[in-house]
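Asks: Each chain sits in its own coordinate frame; assemble them with the hints.
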Amino acid sequence: GAGVSQTPSNKVTEKGKYVELRCDPISGHTALYWYRQSLGQGPEFLIYFQGTGAADDSGLPNDRFFAVRPEGSVSTLKIQRTERGDSAVYLCASSYQGTSNNEQFFGPGTRLTVL
Amino acid sequence: QQQVKQSPQSLIVQKGGIPIINCAYENTAFDYFPWYQQFPGKGPALLIAIRPDVSEKKEGRFTISFNKSAKQFSLHIMDSQPGDSATYFCAATFNTDKLIFGTGTRLQVFP
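Protein sequence lines, in the order shown, are assigned to chains A and B. The first sequence runs 518 to 632 under my numbering. The second sequence runs 505 to 615 under my numbering.
Careful, some of the hints might be misleading.
What the hints assert, rightly or not - Okay, the calculated beta carbon distance ranges per label pair:
1) A/G557 <-> B/N571: 20 to 30 Å
2) B/G564 <-> A/G557: 25 to 35 Å
3) A/G570 <-> B/G521: 44 to 54 Å
4) A/Q597 <-> B/S514: 31 to 41 Å
5) B/R565 <-> A/T593: 17 to 27 Å
6) A/G533 <-> B/N571: 21 to 31 Å
7) A/K534 <-> B/D535: 39 to 49 Å
8) A/V529 <-> B/K546: 12 to 22 Å
9) A/E531 <-> B/H580: 19 to 29 Å
Note that these hints are calculated values from the structure, not bench results. The beta-carbon is built from N, C-alpha and C at its ideal position, and this holds for glycine as well.
So here's chain B without its partners, still in its complex pose (with noise of 0.2 Å):
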């Protein structure tokens, strides 16, 4: 119940694109959904997140879509860049606690 699952495992794209990562839950506990980029030797960092309250979130390209009913949860980058390659791990947490993390998807965007 605790798992997080995430697909694709790798997605390539070309320059200007929208790559769509897809993740899914069982815990309905969970109560913040954070994204988050990783580059090669760099630590994660927090790209965008939302709560099960709504239905989308927009930060710039990168976009949100959240199905409570079907506990699943959407990354989508628009116009996508090269410089957005990089590995991106949805993850979930309840009670501001530890994050449990999808297992990553490593996106290669082409010019």
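The following block holds chain A by itself, in its conformation from the complex (with noise of 0.2 Å):
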């Protein structure tokens, strides 16, 4: 089966512009999540989605960044009037709520770089 897919793979963009990020996660999955993985880190929470609504946006970094869930199914990540900061890899995962372990499926991210 499918797993979570990601677009655009890479996006280059310029500083002051808008971009989204598209995710796709795994058919029946009920919960979305958005990280961001800079060089040489570990993942870092944005939000997630439990259906249509964010259960938790505690991680957005600034009101620029916004996603959008609404049907339940795909996320938009959008980010205002970007800055070089903001340069990184954009992970998605997906996990069916319900089960004990609450299992999340990464997606293969976008790669987001701000000239």
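Replies: So, in structure tokens, the structure goes:
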């Protein structure tokens, strides 16, 4: 079966521009997570959706970052007025809530470069 | 209190060796401790996980040792192979919530 997919795989943009990153979770997974991974670091949590609603957005660094999941499946992470410090790999993960181990399955990530 | 500290940062072993990666945590509310393996250009993939009610778990060549009183856990890779060369991350979570990751260990296994 298909895993978590993310598009685009790479995105290069200029400082100040707006970008959207897309995540398609595994079919049937109710929970969806966004993480950000800087070079040489572990993934850092950004936001978590349970269904359509954001259950925890405590990891979003500031109000330039926003994410939606309008139909409880696909999610889009939106970054306004991008800054060079936003350059990182943005990872999406999904899981089926209701299992005891909550294994999170990760996509390959979108590498964002802000020039 | 949310941090997970991981060491070493990098590790080089020969084929057949037993690399050991260590992690420590502060938050006693954590109730699930997974290890993820990540290859370049790929997302992390779950390798093995443990809950704090057991002290050891084995899956194939991978073993987690867990010391609840010391708030430490470690990954051992038996009979390591060149294909095990990757970056390994420990993590912790509670209430099946967001994962808190360590900083990663880059493992290189030479033939």
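Asks: Would you mind marking each hint as holding or not holding in the structure?
Replies: How the hints compare with the structure:
no., hint, in the structure
1, A/G557 <-> B/N571: 20 to 30 Å, "holds (27 Å)"
2, B/G564 <-> A/G557: 25 to 35 Å, "holds (28 Å)"
3, A/G570 <-> B/G521: 44 to 54 Å, "holds (47 Å)"
4, A/Q597 <-> B/S514: 31 to 41 Å, "holds (37 Å)"
5, B/R565 <-> A/T593: 17 to 27 Å, "violated (39 Å)"
6, A/G533 <-> B/N571: 21 to 31 Å, "violated (49 Å)"
7, A/K534 <-> B/D535: 39 to 49 Å, "holds (41 Å)"
8, A/V529 <-> B/K546: 12 to 22 Å, "holds (20 Å)"
9, A/E531 <-> B/H580: 19 to 29 Å, "violated (47 Å)"
Going down the numbered hints, you'll see the structure goes against 5, 6 and 9, while the others check out.
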